[in-house]
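J.: Let's have the full structure, built from the sequences with the hints guiding it.
There are 2 protein chains.
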Amino acid sequence: MATATDRIRAAKAASSSIGLANTHVKNAVLRKIAELLPERNAEILAGNAKDMERAAAEGMSVGLQDRLRLDAARIHGLAKAVLEVAELPDPVGDVIRGRTLPNGLHLQQVRVPFGVIGAIYEARPNVTVDIAALAIKSGNASVLRGGTAAEHSNRALVQVLQDALELCGVDRNSVQSVDEFGRPGAQEMMQAVGLIDVLIPRGGHSLIQTVLNESKVPVIETGEGVVHVFIDATARADWAVEIMLNSKTQKIGACNAAETMLVHQDAYDRVMPALVEALQSNKVTLHGDERTQAAFSNIVPATEHDWATEYLAMDLAIKTVSSLDEALAHIAKYSTKHTEVIVTEDYSNAERFINEVDAAAVIVNASSRFTDGGEFGFGAEVGISTQKLHSRGPMGLPELTSTKWIVRGNGHVRA
Amino acid sequence: MATATDRIRAAKAASSSIGLANTHVKNAVLRKIAELLPERNAEILAGNAKDMERAAAEGMSVGLQDRLRLDAARIHGLAKAVLEVAELPDPVGDVIRGRTLPNGLHLQQVRVPFGVIGAIYEARPNVTVDIAALAIKSGNASVLRGGTAAEHSNRALVQVLQDALELCGVDRNSVQSVDEFGRPGAQEMMQAVGLIDVLIPRGGHSLIQTVLNESKVPVIETGEGVVHVFIDATARADWAVEIMLNSKTQKIGACNAAETMLVHQDAYDRVMPALVEALQSNKVTLHGDERTQAAFSNIVPATEHDWATEYLAMDLAIKTVSSLDEALAHIAKYSTKHTEVIVTEDYSNAERFINEVDAAAVIVNASSRFTDGGEFGFGAEVGISTQKLHSRGPMGLPELTSTKWIVRGNGHVRA
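Sequence order for the protein chains is A and B. Residues 0 to 414 in numbering that gives the first Met the number 0 are what the first sequence spells out, letter by letter. Residues 0 to 414 in numbering that gives the first Met the number 0 are what the second sequence spells out, letter by letter.
Do not rely on the hints blindly, as some may be mistaken.
Identical copies look the same in the list; a pair holds intra-copy or inter-copy alike.
To be verified - Simulated crosslink set (DSS-like; lysine-lysine; CA at most 25 Å straight-line): (1) Lys332 / Lys215; (2) Lys11 / Lys332; (3) Lys79 / Lys250; (4) Lys79 / Lys31.
No wet-lab data here; the hints were simulated from the structure.
T.: This is the structure we're talking about:
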């Protein structure tokens, strides 16, 4: 029987097939996937039914069951998303820099696929198709580990993906799943130095930390966001309310949703009544510092734990600060360096916030929810990198590529 | 007494001081370093004398002792190199991309310092000054581990670097050394997640592998090069000789020096006599396959070991191949993905070599020695990355930076 490492080796061996495929071929594969997904509804839904049955038997939460569930409409949605990837520009072959050196050598830096991308994520079958489509478009083979809970759904989906590759003349091993090997399969991925070029974990805190700690393969860290909105002394009250409400409630499960509000003491009396009213009437549970507990009703006392928590829920921590410096210090201590927002009318404070906050995105007078590949105009989003190496912030298709230097000479040697 | 981690924390705390310093201030620091280095010759040479004494007592090889030795002329050379870094453009603040989104949000992606760069290298005091200068120019604090053998030299040099920072109003802790803590100091660096942003190992195979295996901090892998030159069937004989000789002998200790020559069987009779004559008369020891052993004298039999060896010496492995495919397969198996060269007059083979070889640099009809930051026009070279993430190939100052997205709005919220 094949091992997880056999699958990883198969992806590596196939990587030149997908890597050398031109844009027409890769788009044909994507369109074939979009065509096959609804055609093979029955087989996909049968796999999904097995996973749903086990999930129910094992008492999986309603929310997680919902993420796991597929139906005809969702499969249609997956197909549509794959067609959107087909529409995006192909990053491979882009000439990033180029010049003729003084000695006449022709130098070019071009985008090339990484080779093999590994993805470790939680039981969400949609991510299987999503990541595979992005990998195909960027010329990469992929090794997918989507969790044992989605094993049968993913197996059916990967069959479709592989059949589409083969029908278009690309090595079907360009997409591989290691779900059936359980946790040891994920561990083999993390040890696959020289086979997997980059590993992308997508999921919650503990998944990401495990991969960061255990992987010998380079990792792109995505997603965790303890996002702050700082309401400065001079903040416009209407913007403060709209931006805070949107940052917190527009999509509570998103990594760019706000988790903590910092309020300058000089803005407190002017803006807090409207802020508290707006947030509470939108069913946000407020975890406040002492001043906020004293001034308003229904405030849960905030503890040290709250400052470091990514709630991903209708909860918001609130802290009063006496200065921009105190706000910057709080952010430096608790930020996950994802997105940080200031609402201010003070020019110098806006500039200091932009320069001094260390985060993937720093936003002035707008919602934290704008840190997003779609909003930035990337078309597709691989994830939002919270690390500093390679790519920081929303990642599009070009972030799934590496580069190669090409030098063309005529017998040139170094003096 | 301070621990290595105390030093790392001090660098982290100082990183905003150097990170927010403008170009004038950073250049003033660099010029001050260049001024102080020769002025404080006595103190630096006294430290170096202690290291040299221990090196002699411990029987360090003559070559390594030479790398460790400082004298007035070498200190002058260090100062000159620092002044050259001052002349380079400052990458920090470069706007890489920018646009106004359809909703009126102003979006910019700008270069920012990483924060804290760690460097682990072998007993070469010049690297201490070199890396610190590049870090200062790119707005990064640095933590240096240059090996116990260079401890006293590095301590004296770091004193000079720190004094220059302080004299220019920058936190002197922006440069830190952990040499005095020995190997445990290096290990604390590799565990310093959240304090050190990127770790750059510079040195031999075992140093780099140790850092890659043990570091929890993101690493930029540099330097190892098992570089191949493929003499194709149609190669011009004169170019083959010049390029091979230059690739092998121009600087044998460089990572971009050639280690293996692959010769197409159809070029063998035409080009090998001149190649062997040129290489042997330049004192290159040839490790040849059976055909080469049979055809020429003074050929050392090549073994499997030779194909994987970075000699960094006057040695060259030689293998005959029957086709471009066999050359590509050999390179795929043994290449360290640094630099690969083809000498050919065949257009399609040149294009296939460029597209199919997976390496930081692929060179047609020119010496492998051109993979170099100086040759590429970068001004200064941080190292040559052999990994695919973040930066691949010669790294200049911009490669020592990350990026930050800046979003400016006017009360924007997401619909």
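J.: Now look at each hint and say whether the structure bears it out.
T.: Against the structure, the hints come out as follows:
no.: 1; hint: Lys332 / Lys215; in the structure: between (28 Å within a copy, 20 Å between copies)
no.: 2; hint: Lys11 / Lys332; in the structure: between (41 Å within a copy, 12 Å between copies)
no.: 3; hint: Lys79 / Lys250; in the structure: within (22 Å within a copy, 56 Å between copies)
no.: 4; hint: Lys79 / Lys31; in the structure: within (12 Å within a copy, 61 Å between copies)
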